[in-house]
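Number of protein chains: 2
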Amino acid sequence: MRTSQTLISTMKETPSDAEIVSHQLMMRAGMIRKLAAGLYTWLPSGLRVLRKVENIVREEMNRAGAVETLMPVVQPADLWQETGRWDDMGAEMARLKDRHDRDFVLGPTHEEVITDLVRNEIKSYKQLPINLYQIQTKFRDERRPRFGVMRAREFLMKDAYSFHLDQETMDETYQAMYDAYCRILERMGLAYRPVLADTGAIGGSHSHEFQVLAQSGEDAIAYSTESDYAANIEKAEALALGERGEATQEMTLVDTPNAKTIAELVAQFDLAIEKTVKTLIVKAVEGAEHELVALMVRGDHELNEVKAEKLPLVAAPLTFASEEEIRAAIGAGPGSLGPVNLPIPVIVDRSVATLNDFGAGANIDGKHYFGINWERDVALPEVADLRNVVEGDLSPCGNGTLKIARGIEVGHIFQLGTKYSESMNATVLDPNGKATPLIMGCYGVGVSRIVAAAIEQNHDDRGIIWPDAIAPYQVAILPMNMHKSHRVAELAEKLYAELTAAGIEVLFDDRKERPGVMFADHELIGIPHTIVIGDRGIDDGNVEYKVRKTGEKSELAIDQVVEFFKGKFA
Amino acid sequence: MRTSQTLISTMKETPSDAEIVSHQLMMRAGMIRKLAAGLYTWLPSGLRVLRKVENIVREEMNRAGAVETLMPVVQPADLWQETGRWDDMGAEMARLKDRHDRDFVLGPTHEEVITDLVRNEIKSYKQLPINLYQIQTKFRDERRPRFGVMRAREFLMKDAYSFHLDQETMDETYQAMYDAYCRILERMGLAYRPVLADTGAIGGSHSHEFQVLAQSGEDAIAYSTESDYAANIEKAEALALGERGEATQEMTLVDTPNAKTIAELVAQFDLAIEKTVKTLIVKAVEGAEHELVALMVRGDHELNEVKAEKLPLVAAPLTFASEEEIRAAIGAGPGSLGPVNLPIPVIVDRSVATLNDFGAGANIDGKHYFGINWERDVALPEVADLRNVVEGDLSPCGNGTLKIARGIEVGHIFQLGTKYSESMNATVLDPNGKATPLIMGCYGVGVSRIVAAAIEQNHDDRGIIWPDAIAPYQVAILPMNMHKSHRVAELAEKLYAELTAAGIEVLFDDRKERPGVMFADHELIGIPHTIVIGDRGIDDGNVEYKVRKTGEKSELAIDQVVEFFKGKFA
Numbered sequence: 000m001r002t003s004q005t006l007i008s009t010m011k012e013t014p015s016d017a018e019i020v021s022h023q024l025m026m027r028a029g030m031i032r033k034l035a036a037g038l039y040t041w042l043p044s045g046l047r048v049l050r051k052v053e054n055i056v057r058e059e060m061n062r063a064g065a066v067e068t069l070m071p072v073v074q075p076a077d078l079w080q081e082t083g084r085w086d087d088m089g090a091e092m093a094r095l096k097d098r099h100d101r102d103f104v105l106g107p108t109h110e111e112v113i114t115d116l117v118r119n120e121i122k123s124y125k126q127l128p129i130n131l132y133q134i135q136t137k138f139r140d141e142r143r144p145r146f147g148v149m150r151a152r153e154f155l156m157k158d159a160y161s162f163h164l165d166q167e168t169m170d171e172t173y174q175a176m177y178d179a180y181c182r183i184l185e186r187m188g189l190a191y192r193p194v195l196a197d198t199g200a201i202g203g204s205h206s207h208e209f210q211v212l213a214q215s216g217e218d219a220i221a222y223s224t225e226s227d228y229a230a231n232i233e234k235a236e237a238l239a240l241g242e243r244g245e246a247t248q249e250m251t252l253v254d255t256p257n258a259k260t261i262a263e264l265v266a267q268f269d270l271a272i273e274k275t276v277k278t279l280i281v282k283a284v285e286g287a288e289h290e291l292v293a294l295m296v297r298g299d300h301e302l303n304e305v306k307a308e309k310l311p312l313v314a315a316p317l318t319f320a321s322e323e324e325i326r327a328a329i330g331a332g333p334g335s336l337g338p339v340n341l342p343i344p345v346i347v348d349r350s351v352a353t354l355n356d357f358g359a360g361a362n363i364d365g366k367h368y369f370g371i372n373w374e375r376d377v378a379l380p381e382v383a384d385l386r387n388v389v390e391g392d393l394s395p396c397g398n399g400t401l402k403i404a405r406g407i408e409v410g411h412i413f414q415l416g417t418k419y420s421e422s423m424n425a426t427v428l429d430p431n432g433k434a435t436p437l438i439m440g441c442y443g444v445g446v447s448r449i450v451a452a453a454i455e456q457n458h459d460d461r462g463i464i465w466p467d468a469i470a471p472y473q474v475a476i477l478p479m480n481m482h483k484s485h486r487v488a489e490l491a492e493k494l495y496a497e498l499t500a501a502g503i504e505v506l507f508d509d510r511k512e513r514p515g516v517m518f519a520d521h522e523l524i525g526i527p528h529t530i531v532i533g534d535r536g537i538d539d540g541n542v543e544y545k546v547r548k549t550g551e552k553s554e555l556a557i558d559q560v561v562e563f564f565k566g567k568f569a
Numbered sequence: 000m001r002t003s004q005t006l007i008s009t010m011k012e013t014p015s016d017a018e019i020v021s022h023q024l025m026m027r028a029g030m031i032r033k034l035a036a037g038l039y040t041w042l043p044s045g046l047r048v049l050r051k052v053e054n055i056v057r058e059e060m061n062r063a064g065a066v067e068t069l070m071p072v073v074q075p076a077d078l079w080q081e082t083g084r085w086d087d088m089g090a091e092m093a094r095l096k097d098r099h100d101r102d103f104v105l106g107p108t109h110e111e112v113i114t115d116l117v118r119n120e121i122k123s124y125k126q127l128p129i130n131l132y133q134i135q136t137k138f139r140d141e142r143r144p145r146f147g148v149m150r151a152r153e154f155l156m157k158d159a160y161s162f163h164l165d166q167e168t169m170d171e172t173y174q175a176m177y178d179a180y181c182r183i184l185e186r187m188g189l190a191y192r193p194v195l196a197d198t199g200a201i202g203g204s205h206s207h208e209f210q211v212l213a214q215s216g217e218d219a220i221a222y223s224t225e226s227d228y229a230a231n232i233e234k235a236e237a238l239a240l241g242e243r244g245e246a247t248q249e250m251t252l253v254d255t256p257n258a259k260t261i262a263e264l265v266a267q268f269d270l271a272i273e274k275t276v277k278t279l280i281v282k283a284v285e286g287a288e289h290e291l292v293a294l295m296v297r298g299d300h301e302l303n304e305v306k307a308e309k310l311p312l313v314a315a316p317l318t319f320a321s322e323e324e325i326r327a328a329i330g331a332g333p334g335s336l337g338p339v340n341l342p343i344p345v346i347v348d349r350s351v352a353t354l355n356d357f358g359a360g361a362n363i364d365g366k367h368y369f370g371i372n373w374e375r376d377v378a379l380p381e382v383a384d385l386r387n388v389v390e391g392d393l394s395p396c397g398n399g400t401l402k403i404a405r406g407i408e409v410g411h412i413f414q415l416g417t418k419y420s421e422s423m424n425a426t427v428l429d430p431n432g433k434a435t436p437l438i439m440g441c442y443g444v445g446v447s448r449i450v451a452a453a454i455e456q457n458h459d460d461r462g463i464i465w466p467d468a469i470a471p472y473q474v475a476i477l478p479m480n481m482h483k484s485h486r487v488a489e490l491a492e493k494l495y496a497e498l499t500a501a502g503i504e505v506l507f508d509d510r511k512e513r514p515g516v517m518f519a520d521h522e523l524i525g526i527p528h529t530i531v532i533g534d535r536g537i538d539d540g541n542v543e544y545k546v547r548k549t550g551e552k553s554e555l556a557i558d559q560v561v562e563f564f565k566g567k568f569a
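If you read the protein sequences in the order shown, they are chains A and B.
Numbering follows numbering that gives the first Met the number 0, in which position 422 of the first sequence is assigned residue number 421; successive positions increment by one, without gaps.
Numbering follows numbering that gives the first Met the number 0, in which position 556 of the second sequence is assigned residue number 555; successive positions increment by one, without gaps.
Be aware that a few hints might be false.
Same chains, same names: a pair is fine if it fits in one copy or spans any two.
Said to hold, decoys possible - Here are the simulated DSS-like pairs of lysine-lysine, each with C-alpha atoms no more than 27 angstroms apart in a straight line:
id, residue 1, residue 2
1, K309, K402
2, K565, K493
3, K402, K259
4, K122, K552
5, K96, K125
6, K259, K565
7, K366, K565
8, K483, K493
9, K511, K483
10, K433, K366
11, K433, K545
12, K33, K493
13, K96, K493
14, K96, K309
15, K565, K125
16, K259, K11
Think of the hints as simulated: they come from the structure by calculation, not from any bench.
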């Protein structure tokens, strides 16, 4: 492609509403333009990347035995009423009425539509398992769309839905999708981790997120230094930290009138934060003996609300008690709580259970106990995994310790069980002729989000650094002052024609721009390989070859350019 | 692809709501399923065809120098308010509000969005001309969606928009698009005609429709027996039919109390229909001397309302006068009107102007004049082209006569002039630094409609007959009783593997179905080439090769099958 024949719209200024690097660079490199909040037009170079991502996703889905379909963007409301999600989805689901005043939605996802299709088309277990996917435009009316295409309202998604008679084929397809997602991200040249994920409100037994690693990622991932183990921080199991030590101190009641927080306590007293305990009071599940439950984690740890919510004694969604409720039940305020003499049930984190000689509130306003020891001073309560893991924790897989990385979720695979097939009565006849609800899996890839995630992971202060597989073009030809030098123009045209004929995707900068402008534009756009053609090189029979990622420069003999790139992209 | 690994959902029954053949066959062959009125899910085999059509369109657009982009489905209302189309579009444009109560539309077309993009990105004539396109989902809330994907509410469209400083490059791009559309339809193997079209409300000087020829087409096309001339019937010029003959009869007033229509007149009197004149009274343009105008065509011809509406004296939109209005102005009812003694302006069709000895109403209830001759009995009024052409008319190109065919509009190219660039203030600086409104062209292809149009043109009573270029698969392998014959199974697997490895798209029917079911399914689905593998053929070293289109059968030596197809699809 010649720059003169496409739309190269680079910008020097960073748009003020672009908060993250990928959004800034996609705007500056002329990949996207904003039409309205969360709505973007893909300009030619951006669309080329999007299509490459889409094609890799398609190829790997096909290879994994999934079959492509295409469902409408606009969906009738009645299917959503059938599953109850018409009410559950809230304002994130855009709704409209047609000219006959019938209700429709702009599909934020397609479980209802695909389950409706499958209940009509699949009658026998012999047609199973089947895995149907589409690559399609979705709309979610985000409360606060931002970060460009990372969190847009309209976006391109690959969504797949598999249907099964039995758990065995469900597990096989789940594994096939897991493997396909790994191949997709590997082929794109992205550093990523599949991480165990919480299944959240969707339920089901299995779920993995596929996270592209990037400093700016919204998600925290814990992974092992020694194994493949990785989990979303919400899900990562926190093991106990060694054995409990012996008691060496007496338990003493200390006046702590100005220490309402752990930070104030350790600042004012000679107490390590690792020897303190934080007490959080939450609502108990309905029908429990007490209305409140105390959850305790070490002073330097954070409560993991997802884990807490799953405890049988604790109400879901997790609800913290108010100060009034705490005072009514315990007789002291939230700044002075602890395990000794606490009149409500207590669940402590594993790392609290291994403490000795620790400090905690005395359940008397303005007082703490120091030197508490379990069993001697107070019975050890129920123990559970209650906290977020931190760097240096033992990996729950048994190998290595945990590190924390940040990631961008670009894929998510779920086992859904029979949630949708039961509410929509999607059954097949099993080998005995009995109607059986279908077991379902679903598998999403944020196709447009991958483009942004790839940039978050691959850029420098001059612009984007595309991995070869998803670059808008593989090679850029930059002729220096071609409008003045006939030789430069001739060689540039020749190499452009030959490389293109060899099936290599070339962006040929035939604009009348100064070399400095060209270099800046191409570093911004991020094409991985560049050939610079100048009069001086031609004298020596060379062109300059530059690698965007490393900045490395070398000479390439003119007559070897085509072979060089053929070999590179073979 | 193995049938066992995809979704083959054929139906014997024709769905009751499928009125036309393509809709019936797409449903029966399992290409599409209806989600709601005008909303269809594309099943695997249908989507394969859709993607092939899409890819041919994309390749030819790229070859013609157009550059691909992707604009959102959801568009902010303010752009539509800027051009006034927010009010003009009516109920066909679906509208919605987002969570912040802001107005949006589901894009029925993208002139506003692209013009907004271009006014922001294109600043200088040096960046022109540019032709930007997308292949994207559109939504039009048709009053009566029907005929499956032929007239769906959600559909896939290629829309391109070109921008120019001058008419010369506008004409060049228009021609490039014309040529690209011809190549697209030729590559698909479809019989089609580019036809001159009326520009209708959009205005502009040039417009062509691309019509796929099919008996069931909604549009009538007039084309020359001797040249490339073709035009939409609304647009085709009707020439005069020879010279006017001499007067041979006296003009006589005849009582015709029971002849209120031309049909009644010629049935009751000795008068050829070609010697009668039909008078239609319409409203005159505002400010004209008379409120009504009489339009006259021959009794056997039809008024062309598009042509009539363009006459300076006639009000647009064309409005017929009521009987009361006619009586008030003329003193006679609509069944007795004619040119003699008519007190309002008259415009006659060219073929009326060449009549001699003709009959027409006398402007007296229950009376006609017979034997009327222009000039002798009444002055020849204004003459214009007022009628639809009919078969046998001289072609306006000067070569041959006209024939009428039916077609399905699958493409439309327009020159829009500065309509949008002026209302949206989209200008560039010309070489003198002067801001100049952009000249614009637009070019649409109904991608999903082409699939249906191809079927309307290519089918028989057993099913679809796909042209090679857009068939869901190129070759079907039908093994006879493969589950009983090891030899058949082995050969089928071998040929499937070898053909697939050779890059040929094969549907391998590995279902445990009876041969009759297989043949019926594959004839319905319409794969152009079939290999039938049976024990008897294997004994002779042969497979049977069937051509779907002709029904021709022949023997192919087993060891030549792969080479045969490689040659065919090279």
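Each hint tested on the structure:
Taking the closest pair of Cα atoms, K309 and K402 come within 27 angstroms of each other only inside a single copy of the chain (25 angstroms); across copies the shortest separation is 77 angstroms, beyond that limit. Taking identical chains as interchangeable, the C-alpha atoms of K565 and K493 lie at most 27 angstroms apart only when both belong to the same chain, with a minimum of 16 angstroms there against 33 angstroms between chains. Taking the closest pair of Cα atoms, K402 and K259 never come within 27 angstroms of each other, the shortest separation being 31 angstroms inside a single copy and 95 angstroms across copies. Taking CA atoms no more than 27 angstroms apart as the test, K122 paired with K552 passes in neither setting, with 62 angstroms inside one copy and 35 angstroms between copies.
Neither within a single protomer nor between protomers do K96 and K125 lie at most 27 angstroms apart by alpha-carbon distance, with minima of 39 angstroms and 45 angstroms respectively. Taking the closest pair of Cα atoms, K259 and K565 never come within 27 angstroms of each other, the shortest separation being 68 angstroms inside a single copy and 81 angstroms across copies. With identical chains, the CA atoms of K366 and K565 are never at most 27 angstroms apart, being 76 angstroms at best within one copy and 88 angstroms at best between copies. In this homomeric assembly, K483 and K493 come within 27 angstroms of each other (Cα to Cα) only inside a single copy, at 17 angstroms, whereas the closest approach across copies is 61 angstroms.
Taking the shortest Cα distances, K511 and K483 sit within 27 angstroms of each other inside one copy (10 angstroms), while across copies they are farther apart (71 angstroms). For the identical chains of this complex, K433 and K366 are neighbours neither inside a copy (66 angstroms) nor across copies (81 angstroms), given an alpha-carbon limit of 27 angstroms. Proximity of K433 to K545 under the C-alpha cut-off of 27 angstroms is found in neither arrangement, the shortest distances being 66 angstroms within a copy and 41 angstroms between copies. In the homo-oligomer, the alpha carbons of K33 and K493 never lie at most 27 angstroms apart, since the shortest distance is 37 angstroms inside one protomer and 52 angstroms across protomers.
In the homo-oligomer, the alpha carbons of K96 and K493 never lie at most 27 angstroms apart, since the shortest distance is 57 angstroms inside one protomer and 54 angstroms across protomers. For the identical chains of this complex, K96 and K309 are neighbours neither inside a copy (39 angstroms) nor across copies (37 angstroms), given an alpha-carbon limit of 27 angstroms. Taking the closest pair of Cα atoms, K565 and K125 never come within 27 angstroms of each other, the shortest separation being 47 angstroms inside a single copy and 34 angstroms across copies. For a Cα distance limit of 27 angstroms, the shortest separation of K259 from K11 qualifies neither inside one copy, at 51 angstroms, nor across copies, at 77 angstroms.
Hint compliance for this structure: hints 3, 4, 5, 6, 7, 10, 11, 12, 13, 14, 15, 16 are not met, and every other hint is.
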